[in-house]
Structure formats: C-alpha cells, structure tokens
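Enquirer: Each chain is listed here by its residues.
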Amino acid sequence: MRVYVNQKPVDLVPGMQVKHALIQAGLMTAIAAGLKVYDEWGHEMGLDGSLAPGMKILVK
Amino acid sequence: MKRFRLVLLGLLLLLILAPGGYAGQTGLKIIYVNDFHGYAEPYKATGSGVPLGGIAYLAGAVDRARGKQPCLLLAAGDMTQGHPWANLVRGKSSLEVMNAMRFDAMVAGNHEFDFGPKGLKAMIAQARFPVLGANVKGLAALKPYVIKNLPGVRVAVIGVVTPETPVATHPRNVAGLTFSTPESAVRKYLPELKRRADIIIVLSHLGLQADKELAAKVPGIDVIVGGHSHTKVLQPELVGQTIIVQAWEHAKALGILNLKLKDGKVVEFNGELQEISPAGGAPNCQVQNVVARYQRQIDALLQRTIGETQVDLDGEHVRSGETNLGDFVADAMRQAARAEVAIINGGSIRSSIPRGQITMKDIYAALPFDNYLVGLSLTGAQVKAALEHGVARLDEPAGSFPQVSGLTFTYSRSAPAGDRVKDITVGGRPLEPQREYVVATNDYLVAGGDGYTVFGEALKSAGDYTNQGGTLTSSKLAYNDPGTWMRDLLVAAIQAQKTIAPKSDGRIKAMD
Numbered sequence: 001m002r003v004y005v006n007q008k009p010v011d012l013v014p015g016m017q018v019k020h021a022l023i024q025a026g027l028m029t030a031i032a033a034g035l036k037v038y039d040e041w042g043h044e045m046g047l048d049g050s051l052a053p054g055m056k057i058l059v060k
Numbered sequence: 001m002k003r004f005r006l007v008l009l010g011l012l013l014l015l016i017l018a019p020g021g022y023a024g025q026t027g028l029k030i031i032y033v034n035d036f037h038g039y040a041e042p043y044k045a046t047g048s049g050v051p052l053g054g055i056a057y058l059a060g061a062v063d064r065a066r067g068k069q070p071c072l073l074l075a076a077g078d079m080t081q082g083h084p085w086a087n088l089v090r091g092k093s094s095l096e097v098m099n100a101m102r103f104d105a106m107v108a109g110n111h112e113f114d115f116g117p118k119g120l121k122a123m124i125a126q127a128r129f130p131v132l133g134a135n136v137k138g139l140a141a142l143k144p145y146v147i148k149n150l151p152g153v154r155v156a157v158i159g160v161v162t163p164e165t166p167v168a169t170h171p172r173n174v175a176g177l178t179f180s181t182p183e184s185a186v187r188k189y190l191p192e193l194k195r196r197a198d199i200i201i202v203l204s205h206l207g208l209q210a211d212k213e214l215a216a217k218v219p220g221i222d223v224i225v226g227g228h229s230h231t232k233v234l235q236p237e238l239v240g241q242t243i244i245v246q247a248w249e250h251a252k253a254l255g256i257l258n259l260k261l262k263d264g265k266v267v268e269f270n271g272e273l274q275e276i277s278p279a280g281g282a283p284n285c286q287v288q289n290v291v292a293r294y295q296r297q298i299d300a301l302l303q304r305t306i307g308e309t310q311v312d313l314d315g316e317h318v319r320s321g322e323t324n325l326g327d328f329v330a331d332a333m334r335q336a337a338r339a340e341v342a343i344i345n346g347g348s349i350r351s352s353i354p355r356g357q358i359t360m361k362d363i364y365a366a367l368p369f370d371n372y373l374v375g376l377s378l379t380g381a382q383v384k385a386a387l388e389h390g391v392a393r394l395d396e397p398a399g400s401f402p403q404v405s406g407l408t409f410t411y412s413r414s415a416p417a418g419d420r421v422k423d424i425t426v427g428g429r430p431l432e433p434q435r436e437y438v439v440a441t442n443d444y445l446v447a448g449g450d451g452y453t454v455f456g457e458a459l460k461s462a463g464d465y466t467n468q469g470g471t472l473t474s475s476k477l478a479y480n481d482p483g484t485w486m487r488d489l490l491v492a493a494i495q496a497q498k499t500i501a502p503k504s505d506g507r508i509k510a511m512d
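So the protein lines, in turn, are chains A and B.
Residue numbering for the first sequence follows my numbering, starting at 1 and increasing by one per position.
Residue numbering for the second sequence follows my numbering, starting at 1 and increasing by one per position.
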C-alpha cells in the first residue's frame, strides 16, 4: 500500500506501521532526536500505529 | 389517608432523586484505552526523555475517574500481544490485569488473533468481560455486541476489527474465519440495537481514518471508541453526529468521554486524554502486584534452557562476513517462510552465544529487535541487487552486510561497489536474472532499512494491492506474519532441534 510521509510516497506491505514508513523515508533519526509523527488531522501517532492506504503523515 | 400521603411523598422523592430525574437527564462516562500491547511498565519511547505509561498507574487513574455516575470501561483492541510481558504468557497477563480493572468490554484487535484460534478462545474464556467482533464469522466465542443496562441509560457496544487482519497475521491464525467489512456488520446490527438501547457505541479496531469513514457512511452511531492507529486524540472529534475518540497506545494515556443525555439522546459531551506516568498519581496496588508477579514469571521463562549448542555461535562478526549464527538464523527464516532464499541484515544479530546451554534470554539478546518475517517474490536480478547492496560498504563493518540461506555467492572487495558480486547460485544452480524467487527477509529490510531499496521496489512493481473481499493481497507477497517476532521463530527452531552445531559452510566468499 502507498502512504505519504511529509508528502513523499512510500510503499509498504499491509500490516506495516508508522515506523516502517519512517524507515523508508529515512526519518527515524529525526524521531530519535525528538520530532514526532502526526496524522493529517494533527493528532500525534505512535510508531507502532497502523496505516491506511493513501494516508498522509507528517514528521515535525 | 395518612398512608396515601406518605406513599405520594415517597413517589415524589423518588422522581426527584432518581438518576435522570424528572427531566429524563442523565450522564454517562466512557473510559477507554487501546493498543496496550502488554507494555506493563513505564518506559521511555524513542526520542522521549520521560518515562510514560505503566498499567498500574493507568489503573489508578481509572479508579479516580470512575465516579458515581453510570460508567463504562472499554478496550479498543490489541491488549494482549506485543511486549514479552504479554507474549511469553500468550496474553494471560494482560487479561488478568483487565479483569482486575473490571473492563466492561473489549473488541478483538488484529493482534488478538496472533496466538491462533485456540489462543484467542483461551483468552476469551479467561476474560470476565465480553470480547467483541461483529464482522468476524467462524468463532462463536466472539460476540457481535453487548447491551449494558445502566441506571437511566441502556448502552449497546458493538465491536469491529480491521478486515486487514488476515494479511496482518499468519494464515493459520485465521483459518476458518471470515472478516466482513465493518460497515456491513454495523448496518446489520444497528436496527436491532436501536430498539434495545439508547446509546450506540462502536468499539473499533480499525484506525482513525476508517473510523471517520464509518461515521460518515453509517449514521446513527453515537460514539466510536477507536484503536489500531495508536492515535492521540486529545479532544473528541465529531463526524456528523458521531463522536470519535482514541487513547494513543501502550498505557500512556487514558481517555475519558463525558456524555450528557436527555431522554436517551446525547445533548452535550466533553472529553480529555490523561497522560499516564508514575508522576501522575498513585498506582492501583492490586494491578501493581499482578504486573510484578507476571514479571517474575517472565524473568524465569527467559532463564529457561531451550536447547544446546555444541559450538560457539558467532554474532560478533556478522557485519563483515558469514558466520554460523548468521547461517542458522537465515536458515530458520527460510524454512519458516518456505522460501527458496533468505537474506537478512547482519545488523539484526547483536550478540554471540557461547557453546553450552542456550536460554531464551540468549536468543532475545542476539535478536533484540521486534522484527518479523516477510517473504517476497524477487527476480534473480533483484536478488543480485540486494547482495550488491549488502557488500557495498566494506571499509567498516556495516549492519547491511548480508547473512543468507539457500544461496551462495562470491564477491570482490577490490571491485567498485555495485559490481562486486559474482557467481550466485540458488539451490546449487546458477541464479537466473529473470526468474522469480521467493525470498525470506525481515520487515526492517522490506521497509528500506539499512538502505535496502530492492524489496520496496519489488513491492512497487506489483502495482496496487487488490482488495479481495476486504483483504488486501499482492502477487509479490508470499509470507507476512507481523504477529510473530523473528526471535520467537528462532526459539522454536532451537527447541525443535534441541541440540545444534551450525557451521559456516562457505555461502559467502570474498575472492580477494
């Protein structure tokens, strides 16, 4: 399935989580540095959160 | 006459003092958690400097949140699998805590299926509350809904779980089960529930996006208490007339939704998420004792001998060359996935195991990451590309160095990166670039970890997943088991063999 991390598309296997999208986007070091993940409605998400096709998440 | 006046006075007092009173008003408090995953103790999440969570502290917060008004404590799934505190006792620890906390209902999350149908049935039997799954057929113990008759209000709670569950767990875990769409399940039961209850709550393990879609498509739901996406919904959301909430993850938050009802309808609401931490209030001592008791049991399980190795297992040199432990892990993965080839990153192995008895703790130290097994179809050219990436960085030990099974290859250190790999054989035969091979690997590499892009490219080349009866499938995905960590597969492999003596057998050879 395809999701978007900071508007960049990433392709994942069903069952994969926020952390997998961040790994593919190369953003795990940013998380380790204290940035957080938000969904398109502005809610913070946990790294083990599930994703839905087409979902947009932001790291900031 | 005197008696008549006394009776009349009594009736008047009853009308005034009864919940809801003369005006038909009452309140309902919904307390909710989701995605606990067995994270019993407070912990520091990645990037966070402060420990949050602790189920005993959350239970203390629940105690303080319960007031005198009608109240429900609900769990929106994925409570029993994840952390070793839950995994190693197949969810019993979580269930005992939930019983102590007096949960009113739980929806089965996708990870509740990871222990298989027997495991789920055992959990449901242990639970002193109903476990729901209205869109799951084939497991009688899963109820579609429960009706709670509280003072002044009747509440229906219907549970729905993500229909992606069959592709998010091993197929044996959902054998004989069918998952319909949440929308069809809710529509099916809603008319009956409307007759029998004032308030309709969907207890959902779908994720916030799917909760919003459900609310938009199916009017008549008063509240959706959600999970699965681990979303920290600080203030309740409203879609149409449906209130949607979710309480983050891992016992780090407790959700409280207050409903003011008039004549059985929601006229006002407010809600909050309380962050849970040791600094936030006293823990529930009973739950604290349960946590400690199970931790002692987990510690004992980890010390248990699971087998013996007759040779030292080398987990130290996995970033620069083939090792016997790398071979053994890759072999176990290939066999579990029934693949032709296995490729893993050496960096997934973090310690050696000396000759002698092997404990579970040894394996958990050697494979500490929560990685799971994935099988993908790759062309021979893609297999070569993966190996090239694995040996691209040789100037220093790199986590990307591969450990393999089912194939052999040679490589030249002096050749330029990207053109180092030679003479690849699979099953003893030369690799065929156009032929497809089923390759076992881990989720970290599939997601692009350690710079491996070839697995993601293979997925992309399959195009979009097809939706078959609500389940996403892909021609490239041969195996996918997010519910079983690789270290637990390795434990099973060692227990099956009892005594092992793996040798490096020349799968990876440097020519210069």
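Just so you know, these hints were derived from the structure itself, not from any lab.
C-beta: ideal position from N, C-alpha, C; glycine also.
One should not assume that every hint holds.
Derived DSS-like pairs (lysine-lysine); straight-line CA-CA distance at most 27 Å [to be verified]:
(1) A:Lys60 with B:Lys503
(2) B:Lys121 with B:Lys212
(3) A:Lys8 with B:Lys188
(4) A:Lys8 with B:Lys212
(5) A:Lys56 with B:Lys143
(6) B:Lys143 with B:Lys44
(7) A:Lys36 with B:Lys121
(8) A:Lys56 with B:Lys361
(9) B:Lys422 with B:Lys509
(10) B:Lys68 with B:Lys92
(11) B:Lys476 with A:Lys8
(12) A:Lys56 with B:Lys121
(13) A:Lys60 with B:Lys212
(14) A:Lys36 with B:Lys212
(15) B:Lys384 with B:Lys460
(16) B:Lys503 with B:Lys361
(17) B:Lys384 with A:Lys56
(18) A:Lys56 with B:Lys476
Covered stretches of chain A, going by a simulated chain B footprint (3 or more residues, C-beta under 8 Å) [to be verified]:
(19) 2-13
(20) 25-38
(21) 46-57
Enquirer: Each hint should be assessed against the structure and marked as holding or not.
Expert: Each hint, compared with the structure:
1. A:Lys60 with B:Lys503: Roughly 47 Å separates the two Cα atoms, so the pair is violated.
2. B:Lys121 with B:Lys212: Between Lys121 of chain B and Lys212 of chain B the Cα gap is close to 30 Å, so the pair fails against 27 Å, i.e. violated.
3. A:Lys8 with B:Lys188: Violated. Lys8 of chain A to Lys188 of chain B sits at ~39 Å, over the 27 Å cutoff.
4. A:Lys8 with B:Lys212: The given pair, whose Cα atoms are some 24 Å apart, holds under the 27 Å limit.
5. A:Lys56 with B:Lys143: 34 Å, violated
6. B:Lys143 with B:Lys44: Violated: Lys143 of chain B and Lys44 of chain B sit about 36 Å apart, past 27 Å.
7. A:Lys36 with B:Lys121: 37 Å, violated
8. A:Lys56 with B:Lys361: Cα-Cα ~39 Å, so violated.
9. B:Lys422 with B:Lys509: Distance ~10 Å between Lys422 of chain B and Lys509 of chain B Cα, so the pair holds.
10. B:Lys68 with B:Lys92: Violated, at roughly 30 Å.
11. B:Lys476 with A:Lys8: Within the cut-off at roughly 23 Å; holds.
12. A:Lys56 with B:Lys121: 36 Å, violated
13. A:Lys60 with B:Lys212: 24 Å, holds
14. A:Lys36 with B:Lys212: Holds, at about 23 Å.
15. B:Lys384 with B:Lys460: Between Lys384 of chain B and Lys460 of chain B the Cα gap is close to 18 Å, so the pair holds against 27 Å.
16. B:Lys503 with B:Lys361: Cα-Cα ~22 Å, so holds.
17. B:Lys384 with A:Lys56: It is violated: about 33 Å lies between the C-alpha atoms, which goes past 27 Å.
18. A:Lys56 with B:Lys476: With Cα atoms ~24 Å apart, Lys56 of chain A and Lys476 of chain B stay inside 27 Å; holds.
19. 2-13: holds (count 5)
20. 25-38: Since three or more residues must qualify, the claim that chain B covers the segment 25-38 of chain A holds, with 8 doing so at under 8 Å.
21. 46-57: Since 9 is at least three, the answer is holds.
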